[in-house]
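Here the protein sequences line up with chains H and F, keeping their order.
Residues 1 to 325 (the numbering used here) are what the first sequence spells out, left to right.
Residues 1001 to 1234 (the numbering used here) are what the second sequence spells out, left to right.
A portion of the hints provided could be inaccurate.
[Unchecked claim] Here are the in silico distance ranges between beta carbons for each label pair:
(1) H/T54 <-> F/V1160: 34 to 42 Å
(2) H/D64 <-> F/G1002: 49 to 57 Å
(3) H/G27 <-> F/V1168: 14 to 22 Å
(4) F/W1233 <-> H/D88: 26 to 34 Å
Worth flagging that the hints you see were computed from the coordinates, not collected in a lab.
Beta carbons are placed, not taken as given, at the ideal position from N, Cα and C, and that holds for glycine.
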Amino acid sequence: MIEVRNLTKHYGDKHAVNDISFTVEDGEILGFLGPNGAGKSTTMNMLTGYISSTSGQALINGVDILEDPIKAKSFIGYLPELPPLYLDMTVKGYLNYIYDLKKCKLPRRAHLREVMDLTQITEVQGRLIKNLSKGYKQRVGLAQALIGNPPVLILDEPTVGMDPRQIQEILMLIKKLGKNHSVILSSHILSEIQATCDRIIIINHGVVAAHDTTDNLAKNVSTDHRIIARIEGPRQEIVKALRNIAGIRYCRADMEREPGVFEYELEAAPGYDIRRALFDIVCENHWYLLSLGSAEMTLEDVFLKITMGEGIVLDSAQTAKGGKA
Amino acid sequence: MGAIYRRELGAYFTSSIAYIFLAAFWMLSGWFFFAGSLSQGTTDMSYMFQSMFSILVFLIPILTMRLFSEEKKQKTEQGLLTAPVSLGEIVFGKYFSALTLYTIGILMPFVYGLILSAFGQVEWGILFANFLALFLLGTAFIAVGTLISALTENQVAAAVLGIAALLVIQMIDSLVSYINITWLADAVKSLSFWTRYYAVTCGLFNVSTVIFYLSAAFIFNYLTIRVFERRRWS
Chain H
1 MIEVRNLTKH
11 YGDKHAVNDI
21 SFTVEDGEIL
31 GFLGPNGAGK
41 STTMNMLTGY
51 ISSTSGQALI
61 NGVDILEDPI
71 KAKSFIGYLP
81 ELPPLYLDMT
91 VKGYLNYIYD
101 LKKCKLPRRA
111 HLREVMDLTQ
121 ITEVQGRLIK
131 NLSKGYKQRV
141 GLAQALIGNP
151 PVLILDEPTV
161 GMDPRQIQEI
171 LMLIKKLGKN
181 HSVILSSHIL
191 SEIQATCDRI
201 IIINHGVVAA
211 HDTTDNLAKN
221 VSTDHRIIAR
231 IEGPRQEIVK
241 ALRNIAGIRY
251 CRADMEREPG
261 VFEYELEAAP
271 GYDIRRALFD
281 IVCENHWYLL
291 SLGSAEMTLE
301 DVFLKITMGE
311 GIVLDSAQTA
321 KGGKA
Chain F
1001 MGAIYRRELG
1011 AYFTSSIAYI
1021 FLAAFWMLSG
1031 WFFFAGSLSQ
1041 GTTDMSYMFQ
1051 SMFSILVFLI
1061 PILTMRLFSE
1071 EKKQKTEQGL
1081 LTAPVSLGEI
1091 VFGKYFSALT
1101 LYTIGILMPF
1111 VYGLILSAFG
1121 QVEWGILFAN
1131 FLALFLLGTA
1141 FIAVGTLISA
1151 LTENQVAAAV
1161 LGIAALLVIQ
1171 MIDSLVSYIN
1181 ITWLADAVKS
1191 LSFWTRYYAV
1201 TCGLFNVSTV
1211 IFYLSAAFIF
1221 NYLTIRVFER
1231 RRWS
C-alpha cells in the first residue's frame, strides 16, 4: 500500500511537484498520466527514496521513505525511466547481483527462473545486456524490479521501446501482478493506461489535474452529445440545413471521405437527441445518409483538454482538491 | 555490501582496468626493483618502496576513476540508491573492491623478496612492514579517489582530478617550507602522507602511522557518503 500526502518538490524556485496526495491500495493499479516533464518521474523518484521531498510524506506499507529508507525500499520494486542495467553483465549474472543486493531470502534458482519466465527473458539469460534490443532491456529492467517479490511496484514507462505485441504481453503481466501488488504505472500513452489501470491520476505542471477511476474520467467529460454523420450531397447546403436542427450547438463539415461524401461533426445541447431530426432532413432533401455514429469523448480528448489547459475541471478533481484543503 | 563488492570486483576484470592497473603497477615496481636492488647487488628494497609513492599517485586514480562516475553515466546509480542498502554499504562495497585489487598488486614485493633470497639474506620483517605501509597508504589514497569519482560522471575527469588531488597531497612537504609561521608549518607537516611513509621505508614503523592512514581513509569515505546524502536532499 502506498500513501502519499501533500508531496512537494522544489528545485530552487521551480516547483517540480506541488502538493500531490493519493493512496494506492493493495491489489490496485494506479495510472500516472501526464505529458513529458509534468512531474511523473520526480514523484516516483520521491516515492522510491532516490530524491528527497521538500515537504509532505510518502508511506510505503506504512513506513515513511525518509524516516526508515532501507525498510521502505525493501517493499518496493522500482523500474526507473532508464532501467539501471550494467551493460557488461549477462542477464542472469545481473539478476543474481540484484538478488544479492536486495538480500532476497526466496530460494534463489527457483525465484530467478520464475521472474525470468514471467518477463520472458529466459532465452536471453546468457547474453550480455549490451547486446539486447531495447524491448528486452526494458524487460530485464522489469525483471529486476520483480526480484524479491516486493508488495509495491513502481514502474516508470515500462513499455518504452517494445513492439505492440510485447506491449500487450507486458501490460497483461502488470495487470496480473496488480491483483496482489500495489502498482503505480506511468505512461504518456493513454490506451495503455486505460487498458491496465483501475484509477488514473493526470499530472500536469507538477499538480494533480484529474484523479478518478478510468471509467469516470471518460464519462465525466463526454456528457455532450456528439455525432459523426457521413452524408452524400452538397456540402454547403447540408451544413446550412443541419444548423437549423433544434438544439444543435455546433456543426461543421470534416473531410471528404468518398467522392461527394463528407463527414459532419455535430454537437447537440444536453437533453437533445438530434438523430431523428437529422434523418428527416436528409430524406427531405434526397441526400443519402451513409453512416451515423456517436463520437464518444475518448480519454485522449480528456487528456488533451486537461493538459492543453482548455479549462475542463472535473467534478472529481475538484473534490480531490477540496479533500486536500 | 557483499553484492556490490563482488559485482565491482568482477567489473574490474571485465572492463580490463584490473589488467591495466596490475600490469602497469608490476612493470613500474619491477623496474625500480631492478634499478634499486638487483643491479646494485643489495637486498635493501627501500629505493623501490620509496618510488612506489609517486607511482601510486598516478595509478590509484586509474583504479578508482570509474567506481561512481560510471554508475552515474550509465544511470545505474538510481538502481543502487533505491535498493534496500545503506549509503555506507554502497560506498564501502566499492571501496573494498578497489582495495582488494590494490592488495593483489602490492603482494608483488614478496615475489621480489623471493628472488633476492636466492642471492642473499632478505629482511622479511622489514619487507612486511613496508608492505603494510604500502597497504595503509593505499587505504587513504583509494578513499581520496573514491570521493573524486563520486563528484563527476566522467571517468577521465575523475582520473585527472584524482591525480591532481594526490599530487597536492604529495606536495604537502614542499608546501611546508614556504610557511613562516612555526605552529602552522608543524600542523601542515603533521598531515604529510610522505613523511610517515618515508619513515617506514627507513625502518621506523609505529602505531600513529596506522592510525593516521586509517583515519584519512575513514574521513574521505565519510565525505563520499555525505556527497550522496547531500545530492539526495538537494
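inquiry  = Holds or violated: the 34 to 42 Å window for the beta-carbon distance between H/T54 and F/V1160?
reply    = Cβ of H/T54 to Cβ of F/V1160: about 35 Å, so the range 34 to 42 Å holds.
ask   = Taking 49 to 57 Å as the hint, is the beta-carbon distance of H/D64 and F/G1002 inside that range?
value = Distance hint for H/D64, F/G1002 is violated at roughly 28 Å.
ask   = Do the Cβ positions of F/W1233 and H/D88 conform to the proposed distance bound of 26 to 34 Å?
value = holds, 31 Å
request  = Could you check the hint for me, namely that H/G27 and F/V1168 are 14 to 22 Å apart, CB to CB?
outcome  = Violated, at about 58 Å.
Checked against the numbered hints listed earlier, the structure breaks hints 2, 3; every other hint is satisfied.
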